[in-house]
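Engineer: Oh and the sequence shown: position 497 is 497 in UniProt numbering, straight run, nothing missing.
Keep in mind that the hints were calculated from the coordinates and are not lab data. Beta carbons are placed, not taken as given, at the ideal position from N, Cα and C, and that holds for glycine. Just so you know, not all the hints are guaranteed correct.
[Claimed, not checked] Below are the DSS-like pairs computed for lysine-lysine, each with C-alpha atoms no more than 27 Å apart in a straight line:
id, residue 1, residue 2
1, Lys476, Lys466
2, Lys571, Lys472
3, Lys553, Lys249
4, Lys431, Lys487
5, Lys571, Lys487
6, Lys431, Lys472
7, Lys487, Lys476
[Claimed, not checked] Simulated DEER-style distance windows between Cβ atoms:
id, residue 1, residue 2, range
8, Gly478, Gly561, 38 to 46 Å
9, Tyr340, Leu603, 32 to 40 Å
10, Arg48, Thr461, 54 to 62 Å
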Amino acid sequence: AENEDTFRVYGVDQRVAAVRDLVVLLERARQLLVLTCWPASLRYELWRTVRVVTEHRSAIPIRFAPVDGRHLPWHERNQHQTVVIVDLACPGTSLLLESANQLLYKRVRWIVLQSRLDEVGKAGEWTSCTDCTLLDRLPLLVSNELFYFCTEPTTGRHLVRQQYRLSSAVSSPPATVLETFGTWLPGVGVRVEPPTVRSPVTSTRRQNFRQFQLRASLVILHNETLQHLDDLQDKHTDTVSRVNYLLTKSVALALNATVRFSFVDSWGYRDAQTGRYTGMIGELQRDLADLGGTSMFFTQDRIAHVDYLAMTVSARAIFVFRAPKLSFTDNVFLLPFDQYVWYCTLSFIVLSGVLLLVVLRTEQQQTGTPTTGLSDTLLNVFGTTCQQGSFIEPTTAPSRCLILLCLVVLMFLYAAYSANIVALIQSPSTKIQTVEDLLVSRLKAGAEDTVYNQYYFRHETEPIRKALYERKIRNKDGTENFLPLAKGVELLRQGHYAFHVEEGVCYKLISETFQEEEKCGLQELNYLNMIDPYYGVQKNSSFGEHVRISLFKLREFGIQGREHTLLYTKKPRCVGGSSFVPVSIVDVWPALVTLGWGYLLTLAVLVGEHFWVRLTGRLLPMDGYFHQ
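Build out the structure end to end from the sequences listed, making use of the hints.
Structural biologist: Here is the structure:
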């Protein structure tokens, strides 16, 4: 009781008052976790006091637990809303802090109290600010939000201090940066110093890295790129890495840091046997790099090893192809008319044939001319439809009027049909819109010879995309259509070929090598079905939020857009119009197929009649056969 009374000022324990006054200032504080050896009376006083001062907003729940690392919020969903309170005077607190690992600098906030004991074992004032040697050994990195109370030896003021260092390795004392968050006065509270310039957000307040060297891993697929990272020569090679290289340098400049680049030949993919990653992600996983200097795709297996920060390039790997002629994907002989027009046309032919048959039968009964059958009449109307004229010569006014009406109506239909056919033969097709459309089309396909193309095509499990790889990318002899960029674009120019490539890189070569009319009709098809690549850092990196804010600033200030515009080529505009496309076998193929089936049907009927005649000749007497 004597020790507890030493801490009371204005009837309130100093430890309770200090925690209360600091919690009021902390935003997003929605839960307090108290890991101390305090007596029950003091814990109740803390609960009652915090509840009173926060009654104007939602009540803050307080959870009390022994000093044990098992009670830390390792896997809680709302870690960023948790404030952990510890007292260094309690046994086991030092071990608790040393075992907290990334919780000391990632998401969780801490309030550290250190009440000291005098020579006779009585509790006294806060410990001196020069005696917090334990904090110098902890990984209090630049993103930490740990507040501790101490007493300044010279002035006797109670300070709320923070400290951080940039490297996780324990180094000399000058590497530790000390910050005075404010001063605490009993009965007054915490006064932030200086109130006019200090930001309450740690990541925006600590933007000066004091020339600390950041390590960035950069993916380079072409060795010649190393000579042109700072210029615009051959900007179609390693474009994503070059954009991010410039942005990484800008981030380092904004943070007053330096950057050292290491170069790898792949983004990094997991080894099925060891579970470890190669390439850039492997360097992040093994703490060989702080920053993933090249944007990477957002995949589920990488989430456990990389923190994604921001989208730095609007680059997509897509299938690019020239839209084939409409006859390449559709039967142009069926497209000129809507289905209801076809129904009306067929109905008109049948109705006209039946009426003409009735008129001719009536005419034949009156004049005694030879009888015309139904098949002859329908054949006559069909020939009239095809503008072949009429082989029936009507003699009466009704039959002549009917045939004249058929000729006039069908002439307009034939003119509209023929004109539409000519236009459709010159039109491009827009039917290939999905991966399934590309799979069933007659287009050949290939992909740029890059590491990520080979990985995603070979490891695709979705049925349609897997079938596309097996039927169009992988050949029957076991070879694969992974081509150099220039060869793939040339096949794309020749037509009837879909090339999977990064769009900005492809469009640069298209702008330089295609004729103006060849730039018309370019179509895109997304195969990977992923969002634009994101800039990444180590998992639980202390630099993550600082780099994220710097990248957002680069985007808002237009620097990211400038670098993107300089290095990426947009889709070429169609300004020359389309050239005349000659009629090919593909255009008339449906007609040839119809002709072939007609020949087969004719031969089948001829053979059938021949067998029928031979069969009836055996069954009937010979004279009866000739008589018939």
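Engineer: Measure nothing beyond the straight line between the CA atoms of lysine 431 and lysine 472; if it is 27 Å or shorter, mark the hint as holding.
Structural biologist: It holds: about 18 Å lies between the C-alpha atoms, which stays within 27 Å.
Engineer: Can the suggested window of 54 to 62 Å be confirmed for the beta-carbon pair arginine 48 and threonine 461?
Structural biologist: holds, 58 Å
Engineer: Within a Cα-Cα threshold of 27 Å, do lysine 553 and lysine 249 meet the stated pairing?
Structural biologist: holds, 14 Å
Engineer: Are glycine 478 and glycine 561 spaced within 38 to 46 Å by their CB atoms?
Structural biologist: holds, 45 Å
Engineer: For the pair supplied as a hint, lysine 571 and lysine 472, confirm whether the alpha-carbon distance does not exceed 27 Å.
Structural biologist: Cα-Cα ~25 Å, so holds.
Engineer: Check whether the Cα positions of lysine 476 and lysine 466 lie no farther apart than 27 Å.
Structural biologist: holds, 15 Å
Engineer: Would you check the hint for lysine 487 and lysine 476, treating anything up to 27 Å between C-alpha atoms as holding?
Structural biologist: Cα-Cα ~21 Å, so holds.
Engineer: Do tyrosine 340 and leucine 603 keep their Cβ atoms within the hinted range of 32 to 40 Å?
Structural biologist: holds, 35 Å
Engineer: Is the Cα-Cα distance between lysine 571 and lysine 487 27 Å or less?
Structural biologist: holds, 19 Å
Engineer: Given the hinted pair lysine 431 and lysine 487, is their Cα-Cα distance within 27 Å?
Structural biologist: holds, 26 Å
The structure meets every hint from the earlier list without exception.
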